[in-house]
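> So you can see what is in the structure, the chains are spelled out below.
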Amino acid sequence: MKNKSLISINDYTPDELLKIINLAEEFEKNPIQDILKGKVIATLFFEPSTRTRLSFESAVNRLGGRIIGFTDASSSSVKKGESLRDTIKTVSNYCDLIVMRHPLDGSARFASEVANVPVINAGDGANQHPTQCLLDLYSIKKTQGTLENLNISLVGDLKYGRTVHSLLMAMSNFNPTFNFISPNELKIPDEYKLFLDNKGIKYYEHTDFSDIISRADIIYMTRIQKERFSDPIEYEKVKNSYVLHNDMLKNTKNNLKILHPLPRVNEISEDVDKNEKAYYFTQALNGVYTRQAIISSILGLK
Amino acid sequence: MTDKTILSVTAIKEGTVIDHIPAKSLFKVISILELDKLNAQMTFGTNFISKKLGRKALIKISNKFFKDEEIDKIALVAPEAKLNIIKDYQVVEKREVEVPDTITGIVKCMNPNCVTNNENVITRFNVISKKEVALKCCYCEKITDQEHLKII
Numbered sequence: 001m002k003n004k005s006l007i008s009i010n011d012y013t014p015d016e017l018l019k020i021i022n023l024a025e026e027f028e029k030n031p032i033q034d035i036l037k038g039k040v041i042a043t044l045f046f047e048p049s050t051r052t053r054l055s056f057e058s059a060v061n062r063l064g065g066r067i068i069g070f071t072d073a074s075s076s077s078v079k080k081g082e083s084l085r086d087t088i089k090t091v092s093n094y095c096d097l098i099v100m101r102h103p104l105d106g107s108a109r110f111a112s113e114v115a116n117v118p119v120i121n122a123g124d125g126a127n128q129h130p131t132q133c134l135l136d137l138y139s140i141k142k143t144q145g146t147l148e149n150l151n152i153s154l155v156g157d158l159k160y161g162r163t164v165h166s167l168l169m170a171m172s173n174f175n176p177t178f179n180f181i182s183p184n185e186l187k188i189p190d191e192y193k194l195f196l197d198n199k200g201i202k203y204y205e206h207t208d209f210s211d212i213i214s215r216a217d218i219i220y221m222t223r224i225q226k227e228r229f230s231d232p233i234e235y236e237k238v239k240n241s242y243v244l245h246n247d248m249l250k251n252t253k254n255n256l257k258i259l260h261p262l263p264r265v266n267e268i269s270e271d272v273d274k275n276e277k278a279y280y281f282t283q284a285l286n287g288v289y290t291r292q293a294i295i296s297s298i299l300g301l302k
Numbered sequence: 001m002t003d004k005t006i007l008s009v010t011a012i013k014e015g016t017v018i019d020h021i022p023a024k025s026l027f028k029v030i031s032i033l034e035l036d037k038l039n040a041q042m043t044f045g046t047n048f049i050s051k052k053l054g055r056k057a058l059i060k061i062s063n064k065f066f067k068d069e070e071i072d073k074i075a076l077v078a079p080e081a082k083l084n085i086i087k088d089y090q091v092v093e094k095r096e097v098e099v100p101d102t103i104t105g106i107v108k109c110m111n112p113n114c115v116t117n118n119e120n121v122i123t124r125f126n127v128i129s130k131k132e133v134a135l136k137c138c139y140c141e142k143i144t145d146q147e148h149l150k151i152i
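Listed in order, the protein sequences are those of chains A and B. The numbers in the working numbering rise by one with no breaks, and the one at position 14 of the first sequence is 14. The numbers in the working numbering rise by one with no breaks, and the one at position 17 of the second sequence is 17.
Keep in mind the hints are simulated off the structure, nothing from the lab. Honestly, I wouldn't trust all of these hints.
In silico contact screen, one side only, chain A against chain B (beta carbon under 10 Å); selected entries [stated by the list, open to error]:
{"id": "1", "residue": "S8"}
{"id": "2", "residue": "D72"}
{"id": "3", "residue": "A73"}
{"id": "4", "residue": "S74"}
{"id": "5", "residue": "S75"}
{"id": "6", "residue": "N116"}
{"id": "7", "residue": "L196"}
{"id": "8", "residue": "G200"}
{"id": "9", "residue": "S230"}
{"id": "10", "residue": "D231"}
For lysine to aspartate or glutamate, the following DMTMM-like pairs were computed, each having C-alpha atoms within a straight-line distance of at most 25 Å [to be verified]:
{"id": "11", "chain 1": "A", "residue 1": "K2", "chain 2": "B", "residue 2": "E141"}
{"id": "12", "chain 1": "B", "residue 1": "K131", "chain 2": "A", "residue 2": "D190"}
{"id": "13", "chain 1": "B", "residue 1": "K24", "chain 2": "B", "residue 2": "D88"}
{"id": "14", "chain 1": "B", "residue 1": "K150", "chain 2": "A", "residue 2": "D197"}
Even glycine gets a Cβ: it sits at the ideal position worked out from N, Cα and C.
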């Protein structure tokens, strides 16, 4: 994995996914090390994403590395009309690794072809966000003790949610059972169902957010965005139907954990936060360890 | 009928005849094969009546022999095309075209938010289905299907 860019979750084999997860576990035990001393990491955020950027920067800082970069395109040469190719070519002279967030789909793959240092995709438009996926996997492994044979309920926007699609692809290596719970307008796209059919993985689709979660080991919640609906009346009808409340968790399994990529708006009611099954804030912390694992693995330090 | 139409265009001594191109795709084939940049003697014929295609076009190019990977690209717009390789006025080889496994350039990605439609990037696709052509963009990972396939 040394010098290999991480652009899409499909770039990693199941063994490589597990290697990152195991490394993340090591970093969780020992998060402050000096292994990035003398290394410069560029964080190029062509669109703002405070949470992802801070998580990466925290990961680097705790390992003794230094950060250069920008936090949105308006403070970079992009504003002067520089092409992405030129920006990446230039910046790759200044650093050992590029972490990039960009609004265009496929921009990260392109950057990895142009750069002479490895690139980590921190989100390319609606396409991929592989470090989020790896931290989701780490959170699942950590809370369930395994990735194998789990029952996973995915709730909310399953059509546009890229975290859902990446998680589905990555978990499909480990024989899961999926329950897809979403309004009709935001159902999981056919290409993913076809993918699961080909792999022989069981999945069920529901429009009711109901008892089905009583069998879940993991509930993965996502935000339903108003702008995704062609008909605003449809949105009004469904907006409160996919909200998780504490009383819905009564009959759920003891090992159940609730995940959410954050930010949350109202899809998890705040009374869930105190429930020990709520895991989304710890999940965000896991992001730091996971990113430490990814960076040090790509730089060949672990 | 077909024989007569071919004869109505001058025979060539050495080279390649591409037959059974749908008439509407002739100029796309010319552009894909970059024939406009080729310094060879060529004949283009179009709107010949064909039982199979309705109206077909054909191209004769003197002293030009294509590599498989060059010629297979035209399968995207002329899947029924047939190649006749001519040596000394005789057809020495016939072959059909097959959609290749990867397509570089030629096709536009149908995703408007793809980097290839916004920066100066040459498109690249993996062919995931050849019969009903479906191309997966190597950049944005979205699928461009037959219906939305546009030649650059």
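> For each hint, tell me whether it holds in the structure or not.
Hints versus structure:
Nearest Cβ of chain B to the Cβ of S8 (chain A): about 7 Å, under the 10 Å cut. The hint holds. The beta carbon of D72 (chain A) comes no nearer than 17 Å to any beta carbon in chain B, farther than 10 Å, and the hint placing it at the interface is violated. This hint is violated: A73 (chain A) has a C-beta 13 Å from the nearest C-beta of chain B, more than the 10 Å allowed. A hinted interface residue such as S74 (chain A) counts as satisfied when its beta carbon comes closer than 10 Å to some beta carbon of chain B; here the least separation is about 17 Å, so the hint is violated.
The closest approach between the C-beta of S75 (chain A) and any C-beta of chain B is roughly 20 Å, which is over the 10 Å cut-off, so the hint fails. Hint status for N116 (chain A): violated, given a least beta-carbon distance of 17 Å to chain B, over 10 Å. Proximity of L196 (chain A) to chain B is violated relative to the hint, the smallest CB-CB distance being about 16 Å (cut-off 10 Å). For the restraint placing G200 (chain A) at the interface with chain B, the shortest Cβ-Cβ distance is roughly 19 Å, beyond the 10 Å limit, so the hint is violated.
Hint status for S230 (chain A) relative to chain B: violated, with the closest Cβ pair at about 18 Å, above 10 Å. Contact between D231 (chain A) and chain B, as hinted, is not supported at the beta carbon level, the nearest pair being about 23 Å apart and thus beyond 10 Å. Distance hint between K2 (chain A) and E141 (chain B) is fulfilled; the C-alpha atoms sit about 24 Å from each other, no more than 25 Å. About 19 Å separates the Cα atoms of K131 (chain B) and D190 (chain A), which keeps this hinted pair within 25 Å; it holds.
A threshold of 25 Å between alpha carbons decides the hint, and for K24 (chain B) with D88 (chain B) the separation of about 31 Å lies outside it, so the pair is violated. For a cut-off of 25 Å, the pair hint linking K150 (chain B) to D197 (chain A) is broken: about 30 Å separates their Cα positions.
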